[in-house]
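*Asks:* On the provided structure of chain E, position chain L with the ligands as indicated by the hints.
Going down the list, the sequences are from chains E and L. Position 90 of the first sequence, counted from 1, bears residue number 90 in UniProt numbering, the numbering being contiguous throughout. Position 259 of the second sequence, counted from 1, bears residue number 259 in UniProt numbering, the numbering being contiguous throughout.
Treat the hints with caution; some may be incorrect.
In silico SDA-like links for lysine to any residue, alpha-carbon gap of 20 Å or less [said to hold, decoys possible]: (1) E/177 to L/80; (2) L/86 to L/121; (3) L/86 to E/188; (4) L/123 to L/187; (5) L/86 to E/68; (6) E/62 to L/81; (7) E/180 to L/93; (8) E/177 to L/59; (9) L/78 to E/191; (10) E/62 to L/18; (11) E/71 to L/16; (12) L/58 to L/34; (13) L/75 to E/62; (14) E/199 to L/114; (15) E/177 to L/174; (16) E/199 to L/16; (17) E/62 to L/19; (18) L/78 to E/189; (19) E/177 to L/58; (20) L/75 to E/71; (21) E/62 to L/21; (22) L/21 to E/189; (23) E/214 to L/96; (24) E/68 to L/15; (25) E/199 to L/115; (26) E/180 to L/15; (27) E/180 to L/96; (28) E/60 to L/187; (29) E/177 to L/121; (30) E/180 to L/187; (31) E/60 to L/18.
Since the hints were derived computationally from the structure, they do not count as laboratory data.
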Amino acid sequence: MSNSFIIGQYVPGSSIVHRLDPRTKITIIFFFVIIIFFANNLLSYGVLAFFALLSMFTTKIKISYILKGLKPVWFIVIFTFILHLLVTKDGEVLFSIFSFEVYSGALYKGLEISLRFTLLILMTSLLTLTTTPISITDGVESMLNPLRKIHFPVHELALMMSISLRFIPTLMQETEKISKAQASRGVDFRTGKMKERIKAVVPLLVPLFVSAFKRAEELAMAMEARGYNGGEGRTKFRELKLQRVDAFIFIFSALILVVFFFTRV
Amino acid sequence: MDIIFNKVSHIYQPNTPFEFKALENVSFHIQSGSYVAIIGHTGSGKSTLIQHLNGLVKPTSGEVKIGDYVITPEKKLKDVMTLREKVGIVFQYPEHQLFEETVEKDISFGPQNFNIAQEVVQKRIPELLKAVQLPENILQRSPFDLSGGQMRRVAIAGVLVMDPKILVLDEPTAGLDPRGQKEIMDMFYRVHQEEERTTILVTHSMEDALKYADHVIIMDHGKVYMEGPPLEIFKDQEALNNVGLDIPEVIQFLNKLESKFHISIPFRGQSVEQLGKEVAEAFKRGDKSE
Ligand SMILES: Nc1ncnc2c1ncn2[C@@H]1O[C@H](COP(=O)(O)OP(=O)(O)OP(=O)(O)O)[C@@H](O)[C@H]1O
Ligand SMILES: [Mg+2]
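Here chain E stands alone, though its shape is the one from the complex (with noise of 0.2 Å):
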């Protein structure tokens, strides 16, 4: 069961990448999400698959892992692509199917698409894979921080993220224990109609939604206890601090871009 929750999971390491600040790394990828809606030849895109699979090789993380991570988005991947074979009709006809004709424009479409949301899973999933929830929490926070001058809550924001993603792990171990208890119970999660399938859900919801409440009051009644009174004045235990990788991985992702802006048409 567990096995199947691993997407995007954390997994330590001291590669580069794992080392630079989580803020290059989320300025880095917010730019790389635009820049390859830019894209459009061959070439560009070689470049920005350069880089992705670049990135993914620094990680140092087995490729075979990164890749059975990407697994649920295949579906989503190839569905859009068959979607645009069947409704984009541009360009010449290529060859037909049960009387449906397939066009060039739309297999070019399609395969753009495709690979453009590849890159893009690619790419977010490096950063989850390689940073800590906590970082990159910290990373948002610092980023959103001239924001607090229009009273954005910034603090609140960042609070409740590192709290959700905190507890999404424990959320999880919580739900195999139940369910394994309330399948030595003769629960049967697996088989039988829709019906009761469904009704197999209350004997799991109900102990979950129990323990996630009280363990939300016992951590509220923790933090008071400990003084926390909200984000005003409060110092960081962690504070982030950009180092010369930062600056050395900027420059060239510059220098990519630039490569990028030269290949395009």
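*Replies:* Chain L with the ligands only, in chain E's frame:
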């Protein structure tokens, strides 16, 4: 129903960076009707091991046999419900599995799933309540209004009500008050003696293992480290200390007695009172070899 583990290994999340070998080449044979204690440091694979007993997890390699039900890595589990009806597991902190509106409904939940007749269940409930020492008027209350200890007892009743042939207990008394612990352990022992039930107890308490079990399996890092009758296992203090365990206090005491006063009283499972008498007599006789 004998339980046989044949070179069982279990790997969590295989082929990922999180791959973890929780069990490695575990083999043993548990005779039907015996009371077995499984002891081991935290993380040694005890909970993983017992989840093999009713097919909650499958071995990554090797073979598990419960009676004539065989679990192998390749084959899909067939009729796993018949197995789960015979093997009742009380998990660590079982009170987390309560969910019904009333205690009565929660206790009857398991039997319903196994299609045990309502009348049979109704007949069992009063005895059960007595066994776990809960008052009858608790039946119509919500399980979520009870104290932690009461919730634990309700959850235990919810497993016992299925009258399993094999009863598996994963640290059933963790977090209870000392008196509650003793009550519950004694209750399990009574339940064990009825109808030749097989009981498997996962515990951190050497005292409980010594008191109730007739066979002890010591686990360390996913492997069977030692195995045998409790009196024999607890002779070897050094071996146990090596894996972060200790011997029961009674035996420690007798060992000290021997090294300090050269009074040797073999431990055969006497009660504390009985031992007290024997020690007093030994002193009176002047056994001391000064
Ligand atoms: N679902 C899981 N995924 C990955 N690893 C797991 C999983 N469940 C358990 N483990 C690991 O397997 C090892 C054995 O766990 P197990 O729960 O069997 O230990 P235990 O002997 O019952 O410990 P305790 O005395 O603390 O209950 C632990 O190191 C644990 O981290
Ligand atoms: Mg355990």
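*Asks:* Determine for every hint whether it applies to the structure shown.
*Replies:* Hint-by-hint comparison with the structure:
1. E/177 to L/80: The hint holds at about 18 Å.
2. L/86 to L/121: 16 Å, holds
3. L/86 to E/188: 16 Å, holds
4. L/123 to L/187: 19 Å, holds
5. L/86 to E/68: Violated, at roughly 38 Å.
6. E/62 to L/81: 39 Å, violated
7. E/180 to L/93: 13 Å, holds
8. E/177 to L/59: The hint holds at about 18 Å.
9. L/78 to E/191: 12 Å, holds
10. E/62 to L/18: Answer holds: residue 62 of chain E to residue 18 of chain L is near 12 Å, not above 20 Å.
11. E/71 to L/16: 14 Å, holds
12. L/58 to L/34: Given that 20 Å is the threshold and the Cα spacing comes to 24 Å, the pair is violated.
13. L/75 to E/62: Answer violated: residue 75 of chain L to residue 62 of chain E is near 29 Å, above 20 Å.
14. E/199 to L/114: 15 Å, holds
15. E/177 to L/174: 17 Å, holds
16. E/199 to L/16: Violated, because 34 Å separates the two Cα atoms, which is more than 20 Å.
17. E/62 to L/19: Given that 20 Å is the threshold and the Cα spacing comes to 13 Å, the pair holds.
18. L/78 to E/189: 15 Å, holds
19. E/177 to L/58: 16 Å, holds
20. L/75 to E/71: 25 Å, violated
21. E/62 to L/21: 19 Å, holds
22. L/21 to E/189: 26 Å, violated
23. E/214 to L/96: 11 Å, holds
24. E/68 to L/15: 10 Å, holds
25. E/199 to L/115: At roughly 16 Å apart (the allowed maximum being 20 Å), residue 115 of chain L and residue 199 of chain E satisfy the hint.
26. E/180 to L/15: 23 Å, violated
27. E/180 to L/96: 11 Å, holds
28. E/60 to L/187: 55 Å, violated
29. E/177 to L/121: Outside the cut-off at roughly 26 Å; violated.
30. E/180 to L/187: Roughly 24 Å between the alpha carbons, so the hint for residue 180 of chain E and residue 187 of chain L is violated.
31. E/60 to L/18: 15 Å, holds
In summary, the numbered hints that this structure violates are 5, 6, 12, 13, 16, 20, 22, 26, 28, 29 and 30.
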